[in-house]
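Make the full structure from the sequences, and use the hints.
Residues in the sequence shown are numbered consecutively from 134, following my numbering.
Read the hints as simulated data drawn from the structure, not as lab findings.
Keep in mind the model is a prediction, meaning the values are calculated, not measured.
Possibly wrong hints are sitting among the right ones.
Unchecked claim - Okay, the calculated beta carbon distance ranges per label pair: (1) A208 / E275: 22 to 30 Å; (2) E196 / A337: 18 to 26 Å; (3) L368 / N281: 40 to 48 Å; (4) N186 / V210: 21 to 29 Å; (5) V210 / A337: 26 to 34 Å; (6) N334 / E217: 29 to 37 Å; (7) E352 / M329: 47 to 55 Å; (8) G376 / K251: 51 to 59 Å; (9) N334 / K292: 20 to 28 Å; (10) Y377 / E217: 47 to 55 Å; (11) E363 / R211: 35 to 43 Å; (12) A366 / A218: 31 to 39 Å.
Claimed, not checked - For lysine to aspartate or glutamate, the following EDC-like pairs were computed, each having C-alpha atoms within a straight-line distance of at most 16 Å: (13) K246 / E196; (14) K290 / E312; (15) K273 / E250; (16) K293 / D304; (17) K293 / E196; (18) K326 / D316; (19) K273 / E339; (20) K326 / E313; (21) K197 / D296; (22) K189 / D237; (23) K222 / D237; (24) K341 / E272; (25) K351 / E255; (26) K292 / D307; (27) K351 / E275; (28) K349 / E255; (29) K261 / D276; (30) K261 / E275; (31) K288 / D304; (32) K285 / D219; (33) K290 / D307; (34) K290 / E275; (35) K273 / E255; (36) K261 / D239; (37) K273 / D237; (38) K247 / D188; (39) K261 / E250.
A virtual CB, placed ideally from N, CA and C, is assigned to each residue, including glycine.
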Amino acid sequence: AAALTTPATASSAARRPPRRPLAMLRCGLAVLTATAALWGGADAESLEANEGNWDKEVIQRVEKGQFVFAKFQAAFVRPLQEAEADWDKLGEKFNYKSNALIIDIDCTVDNAKKVCEKYGVEGYPTLKYFGPGLASDGEKYEDARDYNAMVKFVKTKSKKPCDPATLENCDKKDKAYLEEIKDFDEAKLKEVKEQMEKEMNELAAEQKEASALFDKQKEEAMATMKTADELKAKLSKLQSKGGYKLLILKQKTTEAAKTEL
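Pasting the structure below:
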């Protein structure tokens with residue numbers, strides 16, 4: 134029997150949107166997936182770096198005036214949950230939205246080991262940052278590692294340089310210095326620049342040497358502390374095992390000395 138079509142069912146059918154072909158849905162999903170991949174995922178967390186993309190994600194970005202904050206880690210060192218969450222939040226805040234890039238390097242992965250060796254990474258996690266005007270092997274980050282402190286640090290370091298010609302990205306301090314040197318000729322500008330670079334490079338070398346000495350002394354201190362703890366444990370065990378015997382021997386020798394008198 135033929136199905137009856139009432140005005141109500143006809144109206145409902147008219148309002149119902151046409152079914153999309155499965156191929157169109159798959160195409161849309163593919164576009165969304167590609168877009169997410171392009172922007173580093175929905176959350177744009179810290180980027181995984183290795184030998185294959187180091188030049189593109191670090192060297193070339195720094196050459197363009199960008200700032201890169203890197204965490205060198207090892208899979209066998211389990212980070213604190215809060216610290217890991219703060220680092221991921223940092224990536225979400227800055228990656229692909231600013232002049233800064235937050236990256237991760239797993240030093241236990243074969244295609245990243247040489248990167249870690251090249252940049253002198255020994256402990257985990259080690260944080261280093263790279264940017265215009267900084268040492269080519271990066272600077273070690275040794276300040277607070279909570280989220281707010283790192284956000285403040287990245288904002289300060291990733292500020293785009295002032296363009297004297299257009300005053301683009303120039304703040305009050307930049308403009309004040311431009312006013313200070315406005316009458317300098319080329320020779321004077323070069324002299325001041327070289328003197329400033331010399332002072333900074335010398336101080337950076339001293340800081341690097343002191344930091345290396347501190348790391349060495351810290352390792353020696355840790356080794357000494359470990360030895361002291363081991364000796365303390367042995368002493369405690371010996372006292373527990375023979376302490377009462379020593380007390381008895383002391384009493385016996387004291388009594389023998391009194392008898393002889």
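We went through each hint and held it up to the structure:
no., hint, in the structure
1, A208 / E275: 22 to 30 Å, "holds (23 Å)"
2, E196 / A337: 18 to 26 Å, "holds (20 Å)"
3, L368 / N281: 40 to 48 Å, "holds (45 Å)"
4, N186 / V210: 21 to 29 Å, "holds (23 Å)"
5, V210 / A337: 26 to 34 Å, "holds (28 Å)"
6, N334 / E217: 29 to 37 Å, "holds (35 Å)"
7, E352 / M329: 47 to 55 Å, "violated (35 Å)"
8, G376 / K251: 51 to 59 Å, "holds (55 Å)"
9, N334 / K292: 20 to 28 Å, "holds (22 Å)"
10, Y377 / E217: 47 to 55 Å, "holds (50 Å)"
11, E363 / R211: 35 to 43 Å, "violated (25 Å)"
12, A366 / A218: 31 to 39 Å, "holds (36 Å)"
13, K246 / E196, "violated (24 Å)"
14, K290 / E312, "violated (23 Å)"
15, K273 / E250, "holds (14 Å)"
16, K293 / D304, "holds (11 Å)"
17, K293 / E196, "holds (12 Å)"
18, K326 / D316, "holds (15 Å)"
19, K273 / E339, "holds (14 Å)"
20, K326 / E313, "holds (14 Å)"
21, K197 / D296, "holds (14 Å)"
22, K189 / D237, "holds (14 Å)"
23, K222 / D237, "holds (13 Å)"
24, K341 / E272, "holds (9 Å)"
25, K351 / E255, "holds (13 Å)"
26, K292 / D307, "holds (12 Å)"
27, K351 / E275, "holds (15 Å)"
28, K349 / E255, "holds (11 Å)"
29, K261 / D276, "holds (11 Å)"
30, K261 / E275, "holds (9 Å)"
31, K288 / D304, "holds (14 Å)"
32, K285 / D219, "holds (13 Å)"
33, K290 / D307, "holds (15 Å)"
34, K290 / E275, "holds (14 Å)"
35, K273 / E255, "holds (12 Å)"
36, K261 / D239, "holds (14 Å)"
37, K273 / D237, "holds (15 Å)"
38, K247 / D188, "holds (13 Å)"
39, K261 / E250, "holds (13 Å)"
Going through the hint list in order, the structure does not satisfy hints 7, 11, 13, 14.
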